[in-house]
Amino acid sequence: MTDHLPLDQAHCIPRRGHEHRLSEAQVRELQAQVDAWELIEDGRALRKTFRFPDYYHTLSFVNALAHVANREDHHPDLAVHYDRCVVRWSTHDCGGLSENDFICAAKADRLA
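Taking our numbering, the leading residue of the sequence shown gets 192, the next gets one more, and so forth.
Be careful, since some hints might not be right.
What the hints assert, rightly or not - Here are the simulated lysine to aspartate or glutamate pairs, EDC-like style, with alpha carbons at most 16 Å apart:
1) Lys239 <-> Glu229
2) Lys239 <-> Asp268
3) Lys239 <-> Asp274
4) Lys239 <-> Asp226
5) Lys239 <-> Asp300
Said to hold, decoys possible - Here are the in silico distance ranges between beta carbons for each label pair:
6) Leu196 <-> His258: 28 to 36 Å
7) Gln224 <-> Ala270: 31 to 39 Å
8) Asp284 <-> Asp245: 33 to 41 Å
9) Leu196 <-> His266: 18 to 26 Å
Worth flagging that the hints you see were computed from the coordinates, not collected in a lab. Even for Gly, the Cβ is constructed at its ideal location relative to N, Cα and C.
Required output: the full structure, derived from the provided sequences and hints.
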């Protein structure tokens with residue numbers, strides 16, 4: 192794992208192959224470190240809705256998250272609406288959740 196470094200300060204590394212997919216116990220441990228992220232798709236993805244007062248603030252968050260995703264080379268699926276953004280993390284290359292998803296979830300929380 193991140194060797195006790197807070198998730199929002201850790202950095203993503205390439206995680207290709209099913210050996211990087213987290214176990215249920217690892218997912219539970221990391222999920223406890225991110226606020227209000229829900230497991231979806233039978234535990235293969237994380238999702239959270241971020242709410243904002245208007246479109247300008249929503250897009251500001253989306254743009255900031257895009258910079259983080261680019262820097263970490265780990266990209267979310269986004270659904271952008273007037274007053275909210277739904278963020279979904281999953282590591283396609285490992286077929287489920289990896290530590291990268293939780294690192295980026297924590298970074299998204301910090302942005303919001």
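Hints and how they fare:
1. Lys239 <-> Glu229: holds, 6 Å
2. Lys239 <-> Asp268: holds, 11 Å
3. Lys239 <-> Asp274: Holds, at about 14 Å.
4. Lys239 <-> Asp226: Answer holds: Lys239 to Asp226 is near 9 Å, not above 16 Å.
5. Lys239 <-> Asp300: holds, 9 Å
6. Leu196 <-> His258: 28 to 36 Å: The hint (28 to 36 Å, Cβ to Cβ) is violated, given that Leu196 and His258 are roughly 21 Å apart.
7. Gln224 <-> Ala270: 31 to 39 Å: violated, 24 Å
8. Asp284 <-> Asp245: 33 to 41 Å: holds, 36 Å
9. Leu196 <-> His266: 18 to 26 Å: holds, 22 Å
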